[in-house]
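Produce the entire structure from the sequences given, and follow the hints as far as they go.
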Amino acid sequence: MIKYLYKDSFAVIGKAGQGIADNPQKWVMPLWEEANSNFIEVESLIRKNKSSIPLIWGAMNDIEESNKRWGEAGKYMASGEADVDAIAPEGWTKWIIPAQTYLVVSCTMDKYGDVFKGIVDKLGPNITGCVHEYYPEPGNPNTLDIYFPIAQGKILCQACDMPMTKPEDFGLEVNGDRNSNYCLHCYDRGALLRDVTMDRLITDVQALVDIEAKHPNLLSTPLLSHIKGWLALESISAKATAISSLYLELIDGQDADMTGTQWEEEWLSDGMVCHCIACIAARKCISDIKLMRVDGYK
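Heads up, the sequence shown is in the numbering used here, so the first residue is -4 and it goes up one at a time.
Any given hint could turn out to be false.
Dumping the calculated SDA-like pairs for lysine to any residue here, alpha-carbon to alpha-carbon at most 20 Å [said to hold, decoys possible]:
1. K112 / D17
2. K117 / N174
3. K63 / A94
4. K106 / P136
5. K21 / K70
6. K43 / D57
7. K149 / P162
What the hints contain is simulated information worked out from the structure, not anything from laboratory work.
Set out below in structure tokens:
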């Protein structure tokens, strides 16, 4: 299974070593043995998922520990995920993994080599940093996710600048693959949408009003008031003239601060991008406005 995923900056604390990339078993396995044997020393620092299971990583780094791609030799850490400001105990190493968007591939250990080579051959220079291993079932090294970084920070749609942080944000190719350059609103079935009309924009803006009617308080009061006023304009020319202010209100009215709410954890892990139905609909309207202008909306 392949997916795209944005992950904010985090720390890993573990046992690190250095060796030849072509012969990892000789020097990587002792790192895991040492980390597992002494895990109690760092257990309180390691993040847990909602089921209280530790987040375990096989983190990689280049010789200079700059998060660049491995060469013939590199560093590896048998580690757990921790807060960026966590302090590693004596005898343990801490690395900071920067905020990145990853192509994530799930596989079993017996398929690791083939999967790794296949993705590297496919992505080539589009891999922007060191690859990491994530073990969703601690104690079971046979199941893992391989994280291939493909962008520093979030990937933005090249047509409308929408942040793409989840698999469903990306446009689709004819064969169903995700396109990493354009979002789902701007790109579909292998082509960039070019036939966006005012009628489509009106329909999509009206959808925002309908969403608010069914799910009160998803839209801010200023945004709801503005889009209702825009829809009430009688002529197409009047609506076209008012697109600039509509665009700015749509930009300002999405991605509310979720701090302190029940959605905070998911919101933070998703790069502070909200995926509620209202924000998704607002981003579709923004895409409409961008695609209505041949040279892009400015």
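Evaluated hints:
1. K112 / D17: 12 Å, holds
2. K117 / N174: 14 Å, holds
3. K63 / A94: Status holds; Cα separation ~13 Å.
4. K106 / P136: 12 Å, holds
5. K21 / K70: Holds: K21 and K70 sit about 13 Å apart, inside 20 Å.
6. K43 / D57: Distance of about 27 Å is beyond 20 Å: violated.
7. K149 / P162: The hint holds at about 13 Å.
Taken one by one, the earlier hints fail for this structure only at number 6.
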